[in-house]
Amino acid sequence: IYAGWGVGEGWYTERRYEAAGYASAEDFVSRSYLPAFAQCDASDLLAQVRAWREADVAAHADGAWECALGRVRADVLLMPCDSDKYFTLAEAEREARALGRRCTLAPIRSDAGHRAGDPHRPELRAERDFLTHTVRAFLEQPTTTIAR
Numbered sequence: 001i002y003a004g005w006g007v008g009e010g011w012y013t014e015r016r017y018e019a020a021g022y023a024s025a026e027d028f029v030s031r032s033y034l035p036a037f038a039q040c041d042a043s044d045l046l047a048q049v050r051a052w053r054e055a056d057v058a059a060h061a062d063g064a065w066e067c068a069l070g071r072v073r074a075d076v077l078l079m080p081c082d083s084d085k086y087f088t089l090a091e092a093e094r095e096a097r098a099l100g101r102r103c104t105l106a107p108i109r110s111d112a113g114h115r116a117g118d119p120h121r122p123e124l125r126a127e128r129d130f131l132t133h134t135v136r137a138f139l140e141q142p143t144t145t146i147a148r
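Residue 123 in UniProt numbering is what sits at position 123 of the sequence shown, and the numbering runs on without skipping anything.
FYI, nobody ran anything at the bench for these hints, they're computed from the structure.
No incorrect hints appear here.
Computed spacing ranges between beta-carbons, pair by pair:
(1) 65 / 27: 38 to 46 Å
(2) 31 / 65: 34 to 42 Å
(3) 73 / 18: 42 to 50 Å
(4) 120 / 24: 20 to 28 Å
(5) 139 / 9: 30 to 38 Å
(6) 138 / 38: 34 to 42 Å
Ideal Cβ placement from N, Cα and C applies to all residues, glycine included.
Start from the sequences, fold in the hints, and give me the full structure.
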């Protein structure tokens, strides 16, 4: 299941896995996903999914997530991947509107989906460079309210 959600459709339809050194989609799944999850405890994975589904940022705002996000005082950098199926760009755009002017929305343009945010994957050099540049620029802003 994760192999279908972890990367965007273009990863498979445009055969982007070949540039990453995989001979086929099957090769990509068997050498990338299977070893990564073989050592995982299924209960841990289910707990992670449960946390994603049940986390409620609005619990302290009478159920209004827009209000809860509007109370955030820190500067926020949102960097969703435009092909992420877990945390979609559309969701991030709604969150950015609720966070207001203190939020910078900088989507990662990539077929790598959820994996685009992983700077340790050598085949995602462009994504890593974009992440590095964007985070560095965000932290160097004089208005960024992050303790240094």
